[in-house]
Amino acid sequence: MRHGCKVNKLSRTHAHRVAMLSNMATSLILHKRVETTLAKAKALRVYVEPLINRSKEDSTHSRRIVFSYLQNKEAVTELFREISQKVADRPGGYTRILKTGIRHGDNAEMAVIELVDYNENMLKETKTAKAKTTRRSRGKKATEAVVENTPAEEAKAE
1 MRHGCKVNKL SRTHAHRVAM LSNMATSLIL HKRVETTLAK AKALRVYVEP LINRSKEDST
61 HSRRIVFSYL QNKEAVTELF REISQKVADR PGGYTRILKT GIRHGDNAEM AVIELVDYNE
121 NMLKETKTAK AKTTRRSRGK KATEAVVENT PAEEAKAE
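Mapping to our numbering: the sequence shown position 146 is 146, numbers consecutive.
Hints in this document: simulated from the structure, not taken from any laboratory.
A couple of the hints might just be wrong.
As the list claims (entries may be wrong) - With a Cα cut of at most 30 Å, we get these calculated DSS-like pairs of lysine-lysine:
| hint | residue 1 | residue 2 |
| --- | --- | --- |
| 1 | Lys-86 | Lys-56 |
| 2 | Lys-42 | Lys-73 |
| 3 | Lys-56 | Lys-6 |
| 4 | Lys-42 | Lys-9 |
| 5 | Lys-99 | Lys-132 |
| 6 | Lys-42 | Lys-6 |
| 7 | Lys-73 | Lys-132 |
These numbers come from a predicted model, not from an experiment.
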């Protein structure tokens with residue numbers, strides 16, 4: 001039984017899992033979004049968010065630690081130069097997982113994991129969103145409807 005085990009092993013050995021997550025994290029950093037299964041996306045989020053958080057402080061120590069996880073110089077450079085600038089004021093939650101349906105071959109749940117600050121479509125929607133209305137406006141419409149009587153009700157009143 002897996003009492004208290006918080007690591008999703010993804011049916012892989014430790015070395016295979018670490019290599020897979022490293023490669024997926026590199027792809028996520030370089031391409032800003034990756035399409036994969038839901039379980040792998042959730043495991044990748046736990047793997048990559050601490051690395052993004054560490055990139056906020058650009059020191060040799062931080063770069064070496066991130067490189068030990070990613071094993072890719074281009075990804076480390078991209079992370080510390082561009083991504084860290086965009087997420088500098090964000091307190092956490094650097095990735096977003098969007099479910100996309102199922103894969104027809106094996107019925108696996110598919111998802112897209114992406115960096116939050118790089119999805120231009122969602123950034124535009126949040127800026128042009130309507131002001132939030134309260135439910136009290138519904139009560140105002142109800143009182144206006146009571147004031148206006150239908151012709152049948154007027155005939156009964158006379």
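Against the structure, the hints:
| no. | hint | in the structure |
| --- | --- | --- |
| 1 | Lys-86 <-> Lys-56 | 10 Å, holds |
| 2 | Lys-42 <-> Lys-73 | 25 Å, holds |
| 3 | Lys-56 <-> Lys-6 | 26 Å, holds |
| 4 | Lys-42 <-> Lys-9 | 12 Å, holds |
| 5 | Lys-99 <-> Lys-132 | 26 Å, holds |
| 6 | Lys-42 <-> Lys-6 | 12 Å, holds |
| 7 | Lys-73 <-> Lys-132 | 45 Å, violated |
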